[in-house]
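Asker: Build the full structure now, drawing on both the sequences and the hints.
In the working numbering, the protein residues as written are 1 to 144.
Do not rely on the hints blindly, as some may be mistaken.
[What the hints assert, rightly or not] Each pair of labels, with its calculated beta carbon distance range:
hint, residue 1, residue 2, range
1, 96, 40, 27 to 37 Å
2, 56, 102, 11 to 21 Å
3, 78, 109, 11 to 21 Å
4, 40, 98, 31 to 41 Å
5, 60, 89, 11 to 21 Å
6, 112, 83, 15 to 25 Å
7, 99, 40, 25 to 35 Å
None of these hints come from the bench; they were simulated from the model. Ideal placement from N, C-alpha and C gives every residue a C-beta, glycine not left out.
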Amino acid sequence: MEGEACSAYALNLCGLGHGFDSFDALEAKLAALGPKERAVLTDLNLSHNNLIALPPSLFHLPHLTRLDLSFNQLPTLPAAVGGLTQLQVLNLLGNPLAALPLEMQGLTELRKLKVSNVTKRKLAANPQLFLRYLKPLPLKPSKL
Numbered sequence: 001m002e003g004e005a006c007s008a009y010a011l012n013l014c015g016l017g018h019g020f021d022s023f024d025a026l027e028a029k030l031a032a033l034g035p036k037e038r039a040v041l042t043d044l045n046l047s048h049n050n051l052i053a054l055p056p057s058l059f060h061l062p063h064l065t066r067l068d069l070s071f072n073q074l075p076t077l078p079a080a081v082g083g084l085t086q087l088q089v090l091n092l093l094g095n096p097l098a099a100l101p102l103e104m105q106g107l108t109e110l111r112k113l114k115v116s117n118v119t120k121r122k123l124a125a126n127p128q129l130f131l132r133y134l135k136p137l138p139l140k141p142s143k144l
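Answerer: Structure follows, in structure tokens:
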């Protein structure tokens, strides 16, 4: 099943850890994630769920290059996100984020960051986040 995408209503139903390198839980109405992790996972879509927090195991995915957390209920992003050193695309649109963690400066492979509802004041608190590595930076609909 290598190279296949997996979609389910809960991570535990998917068989995460059985050869999938992509997991799509779009609109699965997840409120929490199970403890399983997959060392070869490269693409994780958890968008349009009800996530209010992220488990520590999510940040132990060394090959993760794309992470879509858009349209959840995340008020913060854990500092551990800085440990996803292979991450190239991070989608945080539609979350009520208070700010972005300074540890994001460890995302040296990041090429695309999507955020919304982040004010100019919040961005100014961590200018190090907007490194030369980033290319497009859509801030829709932000209050800049």
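Asker: Using the beta carbons of residue 78 and residue 109, state whether their distance is inside 11 to 21 Å or not.
Answerer: At 19 Å between Cβs, range holds.
Asker: Holds or violated: 31 to 41 Å for the Cβ distance of residue 40 and residue 98?
Answerer: holds, 33 Å
Asker: Quick one: are residue 99 and residue 40 within 25 to 35 Å, going by C-beta?
Answerer: Given range 25 to 35 Å: holds, Cβ gap about 32 Å.
Asker: Quick check: does the Cβ-Cβ distance between residue 60 and residue 89 fall within 11 to 21 Å?
Answerer: Taking Cβ atoms as reference, residue 60 and residue 89 lie about 19 Å apart, which means the hint holds.
Asker: Honestly, do residue 96 and residue 40 meet the 27 to 37 Å range at C-beta?
Answerer: Holds: the Cβ-Cβ distance is about 32 Å, inside 27 to 37 Å.
Asker: Just tell me: holds or violated, for the beta carbon distance of residue 56 and residue 102 against 11 to 21 Å?
Answerer: holds, 19 Å
Asker: Do the beta carbons of residue 112 and residue 83 sit within 15 to 25 Å of each other?
Answerer: holds, 19 Å
The structure meets every hint from the earlier list without exception.
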